[in-house]
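All chains should be modelled from the sequences, with the hints used to inform the complete structure.
For reference, the chains in residue letters:
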Amino acid sequence: DIQMTQSPPVLSASVGDRVTLSCKASQNINKNLDWYQQKHGEAPKLLIYYTNNLQTGIPSRFSGSGSGTDYTLTISSLQPEDVATYYCYQYNSGNTFGAGTKLELK
Amino acid sequence: QVTLKESGTGILQPSQALSLTCSFSGFSLSTTGICVSWIRQPSGKGLEWLADICWDDGKGYNPSLKNRLSISKDTSNNQAFLKITSVDTADTATYYCARNTYYGYYYVMDAWGQGASVTVSS
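Line by line, the protein sequences give chains A and B.
Following my numbering, the numbering of the first sequence begins with 1 at its first residue and continues without gaps.
Following my numbering, the numbering of the second sequence begins with 1 at its first residue and continues without gaps.
No lab work stands behind these hints: they were computed from the structure.
Just so we're clear, the structure is a prediction, and the values are computed from it rather than from any experiment.
Among these hints, one or two may not hold up.
To be verified - Partial list, computed: chain A residues near chain B (C-beta under 8 angstroms): (1) N32; (2) A43; (3) Y49; (4) Y50; (5) Q55; (6) G57; (7) E81; (8) Y87; (9) Y91; (10) G94; (11) N95; (12) T96; (13) A99; (14) G100; (15) E104; (16) L105.
Heads up, the beta-carbon is just placed ideally off N, CA and C, and yes, glycines get one too.
Given below as structure tokens:
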């Protein structure tokens, strides 16, 4: 099974900060990776698919990058409404979510 | 507009079987490339992918739960189903269904239901 390790588990940042969330796979996942945002009490929402493709309707401050085993979600200028837990998800071999990064406002 | 809604047994006892239904609109499970996935989330914890079923009746299961899961679909009525046998308290969670579309070399799981809460308790 492919394991997905997200870091950090909790991230505190200020409005306007550039924020980077990391996701590392236990083996090459060939860019078959998505990022989801989940706000408290809500279903997850797709932000980025296939590593770096912005889902329709998602603000352009969100971007994704990576290859092989290492992937990154970047928020270029943090907004208050971005407070949420972020999950990476791989489907290259089996289907696995990371444990999430909880993003808080400082 | 794509919508999905989960329904099922809200409270059940250990060893019983859990039956979940995903009722959807705005797409068809007979369309090439379309799949419906099931994902669950215990309260305060992360997401766990469970199973999926696709337009061609292809099915996938989480290996750690495979012996207990059964997924099926009713294309005519726009529904997908998940059954989990021999539940225990560890199966207490919110269960989501989601549309997953295959685009040739990648998938997009872009629409989710609101989730159905399931509690297993004696």
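Do the hints match the structure? See the list:
no.: 1; hint: N32; verdict: holds (6 angstroms)
no.: 2; hint: A43; verdict: holds (4 angstroms)
no.: 3; hint: Y49; verdict: holds (5 angstroms)
no.: 4; hint: Y50; verdict: holds (4 angstroms)
no.: 5; hint: Q55; verdict: holds (6 angstroms)
no.: 6; hint: G57; verdict: violated (10 angstroms)
no.: 7; hint: E81; verdict: violated (19 angstroms)
no.: 8; hint: Y87; verdict: holds (6 angstroms)
no.: 9; hint: Y91; verdict: holds (6 angstroms)
no.: 10; hint: G94; verdict: holds (7 angstroms)
no.: 11; hint: N95; verdict: holds (4 angstroms)
no.: 12; hint: T96; verdict: holds (7 angstroms)
no.: 13; hint: A99; verdict: holds (5 angstroms)
no.: 14; hint: G100; verdict: holds (5 angstroms)
no.: 15; hint: E104; verdict: violated (16 angstroms)
no.: 16; hint: L105; verdict: violated (20 angstroms)
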